Amino acid sequence: DGGITQSPKYLFRKEGQNVTLSCEQNLNHDAMYWYRQDPGQGLRLIYYSQIVNDFQKGDIAEGYSVSREKKESFPLTVTSAQKNPTAFYLCASSIAGQGTVLTFGSGTRLTVV
Amino acid sequence: QQQVKQSPQSLIVQKGGISIINCAYENTAFDYFPWYQQFPGKGPALLIAIRPDVSEKKEGRFTISFNKSAKQFSLHIMDSQPGDSATYFCAASSKAGGGNKLTFGTGTQLKVEL
Chain Z
1 DGGITQSPKY LFRKEGQNVT LSCEQNLNHD AMYWYRQDPG QGLRLIYYSQ
51 IVNDFQKGDI AEGYSVSREK KESFPLTVTS AQKNPTAFYL CASSIAGQGT
101 VLTFGSGTRL TVV
Chain E
1 QQQVKQSPQS LIVQKGGISI INCAYENTAF DYFPWYQQFP GKGPALLIAI
51 RPDVSEKKEG RFTISFNKSA KQFSLHIMDS QPGDSATYFC AASSKAGGGN
101 KLTFGTGTQL KVEL
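So the protein lines, in turn, are chains Z and E. So in the numbering used here, spot 97 of the first sequence is number 97, and the numbers just go up one at a time. So in the numbering used here, spot 49 of the second sequence is number 49, and the numbers just go up one at a time.
By construction, these hints were calculated from the structure, which means they are not laboratory data. Just so you know, these numbers come straight off a predicted model, no measurement behind them. Don't take each hint at face value.
[Said to hold, decoys possible] Here are the simulated lysine-lysine pairs, DSBU-like style, with alpha carbons at most 35 Å apart:
hint : chain 1 : residue 1 : chain 2 : residue 2
1    : Z       : Lys9      : E       : Lys68
2    : E       : Lys15     : Z       : Lys57
3    : E       : Lys5      : Z       : Lys71
4    : Z       : Lys71     : E       : Lys15
5    : Z       : Lys83     : E       : Lys15
6    : Z       : Lys14     : E       : Lys42
7    : E       : Lys15     : Z       : Lys70
8    : E       : Lys68     : Z       : Lys83
9    : E       : Lys101    : Z       : Lys57
10   : Z       : Lys57     : E       : Lys95
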């Protein structure tokens, strides 16, 4: 079955540590996205990539970094510069030019203690 | 700056009743308005969507009503069922700027009680 796999489902890290969230898709989608979900704030775009080896900042990119070395993979690194990293992180993908029809993964809940 | 405002934040409806969730937008360049449904611990999934050239779109028990002049759109769930209990997000997008990025509302947590 085609879909998006995010791992791990739950992640705990100590404050000051960088952490990388995995996102893999087998939908053959060109575009991939990272969103952050916080209670009462909806989904906010962190980074997106329309094609391999290219990505753009979203609305809340500060303290995050990404890479897109392969079409099927779009890992997100939460750095120690992110002031409030505890959140639910969602990866999504879409057909190129149809970024409005997103397929989401099941998310990773990151807790920084 | 919130470009899509969604209300209410939470909603409790009796089984068989009508659930109504409202959204308002400011950017007149928005030209696509989807609704996403999210169950606990899962990612959102596209439920239904509308473009501004029509005032209403219906898919089963789910209907989007769109008012272009008021810059508002709403989701109506007819004959609401306990299985509809989820968080619903409205969203909007524009092709301007070369991208098709979605701007989401803040979400509505719907609970349908027996």
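Out of the numbered hints, which ones does the structure contradict? 1, 2, 4, 5, 7 and 8
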